[in-house]
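Colleague: Everything in the sequence shown is counted per numbering that gives the first Met the number 0, starting at 0 for the first residue and increasing by one.
Keep in mind that the hints were calculated from the coordinates and are not lab data. C-beta atoms are modelled at their ideal positions from N, C-alpha and C, and glycine is treated no differently.
Derived DEER-like restraints, expressed as beta-carbon distance ranges: (1) T281 x L187: 34 to 40 Å; (2) E219 x I300: 25 to 31 Å; (3) L177 x N243: 43 to 49 Å; (4) Q31 x Y181: 17 to 23 Å; (5) E275 x L187: 26 to 32 Å; (6) E275 x E127: 41 to 47 Å; (7) D212 x A293: 36 to 42 Å; (8) L187 x E219: 32 to 38 Å.
Below, simulated EDC-like cross-link-like pairs (lysine to aspartate or glutamate); rule was C-alpha separation at most 20 Å, straight line: (9) K47 x E216; (10) K244 x E216; (11) K47 x E167; (12) K47 x D224; (13) K47 x E219; (14) K185 x D267; (15) K47 x E274; (16) K47 x E275; (17) K244 x E210; (18) K244 x E259; (19) K244 x E219; (20) K185 x E36; (21) K244 x D212; (22) K47 x E24; (23) K47 x E36.
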Amino acid sequence: MTDPADTADGAQNLASVSNAAVPLEHPGVQGQIRIDELNDRLTVFNLKATVSTPADIGLYDNPADDANLVFCLPVAGSLAISLPTAGTSLLAAGQPLWAMPDENRATLSVRPGPLSLVGLGITARMFEEHAETLGRLHPLLKQALSHRPSPFVLAARRNPQLARVAAELIHAPFQGSLRALYQEAKALELIALSLAALGHAPERSVVRLRELDRLHEARERLLADLTAPPALADLCLAVGLNRNKLLRGFRELFGAPPYELLRQARLDQACTLLEEGVLSVTEIAMTCGYEHPASFTHAFIQRFGMPPSRWPRG
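Kindly generate the complete structure, drawing on both the sequences and the hints.
Modeller: Shown next as structure tokens:
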């Protein structure tokens, strides 16, 4: 295992984190990373941060006897994933990517703004019994399961269900062994959905470079106060984008239209407050911008499959 100080360009090595949420130790990056080793074949990682200056973060550096596949799904923000011999691939929110890192190494290059990433580390032998099927999905997967795999990056088409399953994976409503069992089931569902999308070419970005900063500003303005978000027309005026460009840019860059993104942020905050165990469900509903507790409960059940009263409390 590599020491963080030894990683290139000051990149923080995240392989030293296991089964606990810890702060990211990198200049210009405030947030946390959690890595859960579910078993000897499957690892889940979740990175949530606010980036103030461009940074390189070592995502995976854990040499093993078996080659490892990495699946990444940016939930918020845009980034690039780089492999020493396979090049760099740019990703926007909602864009799934598969990679076979060089000697199990990969680096994330992140730009200023909010960043949320869900990923999986998967040993190749997990797929051995399905090698023939995966080979038909994409030839790169077939060679990844061979005795001499080569590094690669492979993007797939967006699937709205991926974000839902990723949220359920990270916000597992159980503790201990039940949490691990639940996470493994959701990780397998995420794998199946993303593999099913490999038969499609990735979508071409429609967001122009000069619009990126305006879209990130719009997101920040939208989520600055969850109880009193700006109207869509005011948001467009504030950042200098028309309605069509704003809506199209949000879907491309963040994977959802503005008020779906707002709903997700409210429910994510609700989960955090529930886990803290200080406020009542009604107080949490009001804090997260819901005027009526019944509306909050309905939205919560739609996303997580259970009422907030059943969510694990601190």
